[in-house]
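Peer 1: Single-letter residue listing:
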Amino acid sequence: MELERRGVVAPLVVTETFLPLVQAQARARRVEPRLVVVPHPVGGLNEAELAGRIEGAAAELLRMADEARGGA
Amino acid sequence: MSAGLLDLPGVTEESWQEEAHRRGWGDGLPLVAPTPARVAAALAALDGIDLELGPLPPSGLVPTRESFAANAVMAGCRPVDLPVVLAAVRALQAPEYNLHGVLATTHPCAPMVVVNGPVRGTLGINSGSNCLGQGTRANAVIGRAVQLVTTHVGGARPGVMDRATQGSPAKYSFCFGENEEDSPFPPFSVRRGFAPGESVVTVAATEGPHNVNDHGGTTAEDLLLTIAGTMAQPGSNNVYVKGPHFLVLGPEHAATFARDGWTADAVRDALWERARIPVAEVSEANQRQFEDWGVVPDNDAYPVSTGPEMLHVLVAGGAGKHSAWIPSFGATAAVSRPVPGA
Amino acid sequence: MSTDWDVVVVGAGIAGLTAARVAAEHGLRVVAYDRLTPGGQLVNLTALHEHPGGTGPELVAALTAAAEGAGVRLAYAEVTRVHPGSPVRLETSGGEVTAGAVVVATGLGPGRLGLPGEEALARRGVSTCAGCDGPLFRGRAVAVVGDDEWTAEEALELAGWASAVTVLVPGQPRWSPDRAARLAAAERVEVVPDATVTALRGEGVLSGVVVRTADGERALAVAGLFPFVGRRGPEGLVEGLAADAQGRLVPSGGVLVAGDARAGAEQSLTAAEADGRAAGEAALGALAASSGSLRIVDPTHGVLPEVDAAPVGAGSTATWTDVALFTNSKPNATELLRGLGERLQAHWGLPELGFAAKENASVAAEKDTIDWLSQRFKMVLVAVGD
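Top line first, the protein sequences correspond to chains A, B and C. Sequential numbering from 1 applies to the first sequence in this note's numbering. Sequential numbering from 1001 applies to the second sequence in this note's numbering. Sequential numbering from 2001 applies to the third sequence in this note's numbering.
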């Protein structure tokens, strides 16, 4: 979140479980983070499961990235 | 109505517990209703003392005098307990304590509060028999108040923001005094640079205590073998996150060390050498995990934390042949603060 | 008394959302019902005047966020009947609920002329929302019927689309001098006082209206007609509550009414907001009076420290080809980031990505690392929570 304050586009990859925590921090810092939410957990996954997480999150990330670049 | 007061319509002293529970407040145990009169009485103990508190994660809110005192009241504190609670909350706001990491972690760490100095006697903080257990009001309410302040103002509600996998009963309350009177060593706070006779609170984010039973040992060497064996376990954060850990010697074990000519620092240094985890007791997957954190074995064994200075030795408890090892979250530090006004 | 809610607010427009927020800020359990979406008429207002809230939807978003932030639950169901009492019982399309207090803030229903054929021409030329339907009348003539602030505001809005806007005022305008001046300055707007619409013309779609003035009756060819007269309050919603000639409720017997739905309300945003605030406070008072209350010090209270919220100038010359990954070093976080990074690399045709890692997932990032990333890169993909 500090990166965004410095003008860097910084999407945060966060699991559903930790989303409330990240949102609370964002409120405390008065920033609106760009969030890419993936199902929990990430740790302990095997390669196939991890590939699934990447697949699921990629579209949202690319959309967010295009939007940020287009708006700059 | 001034900010920070709530009128709970339809709620009475009798139905207050239900209301507090419904609002997600507290730790599951009954709470004292923080009425303005009770809070004002509690705040009288902080007359002339600035809170000197900063924002609490994750909400980023700074407690007000009133909300700080309200949490102490809810925990069951008497007014005289507040300065010790304040010292503890100040200590856990030190950056090296890493409160944010502590609140959000899956690790079962609790804010351990150790009290030194005359305030133990004034408040009746137990440093003797069953000091880590139930039954002493000051220990129970001070440790609990520290948790409630961070939970309520910081907003780290269990299960929502507090992501502990299992947690620990120590998270209800974890506060005790050092048994300076029965210790052969200088007080823990004095060894940490405070003046003798000064009341000091030390906090760290730790697990609950692990018992070290040694009834057969008669020498310091005997005890060291048992303690080192208890510490040399591959499942503590201190192995790869490193950080501080604590050895709380029962007075009888401490007396054995002293009789054999050992100082607290000598005990610490010997345990650094002897508490080693054989590589064979660590899975290859965990060896790789340790290596990712920059931890490599030293002669086919892993040490506990990074050096002898990471082990803090103190004395607490009553009669008997038990001591306790208290591992920590790792990414934390022992932080000491004087008790204001004491 | 055990109730489902301390306060039920019926209608989530500016008055309702404000009442709900104020009550919730006092620690009450509050639900605000709306048939559709929060916002009431505000959603239909593209530009707001006399209120510093930006556009209607922007103000709605802010009001909704403030209410939810204070703990208000928003429920999307229609409240069909309110039975005052202790507790208050409310029939809703989602079942019955009970509350200690109720605030009725439904606003007014849509405008109606009460002419034959009006129902059949609804949404076929007859509309009550300039912001929604204005673009349908681009380059065509429309008429607006009414005498109040809403009428003027909607006419001004329509002037942005229509070729001509005739404002038919049943008597004399009641809008403010400021709005009168803005209407006079609008080239395409003509205001006709003492005008009555006597008939609608059109087969299937509206083609015109018949207007009677002191000069007699004449036909006015319009493709669109926006009536803001004949709007009625929620009469009959609350058992035993009296209504005025416009169907607006007269508060009594502990039933609170806020905003345009209240008899005697001044129709403006600021008045509705003030009304909502007063109703929220009154709900608190009513509850305390009926059942007593326990006053406590809020144990969750705190103050946000002053922070410099302004963006810190990076002085960075990084471009969109400068993209990095920043991992928290938890197991698999790095792998996940690299996977996502590869997708972005392919998508944008990027060269190598930068990479940084927190040494320890459990502590905050090093300032040096943040400095390096912010100076060197335009975009950094960060793994934070697991």
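Any given hint could be a false lead.
[Unchecked claim] To give an idea of the interface, some chain A residues facing chain C are shown, with a C-beta separation under 10 Å as derived from the structure:
{"id": "1", "residue": "11"}
{"id": "2", "residue": "51"}
{"id": "3", "residue": "61"}
Worth flagging that the hints you see were computed from the coordinates, not collected in a lab. Source: prediction; values computed, not measured. A virtual CB, placed ideally from N, CA and C, is assigned to each residue, including glycine.
Peer 1: Honestly, which of those hints from before does the structure not fit?
Peer 2: Checked against the structure, no hint fails, so every one of them is satisfied.
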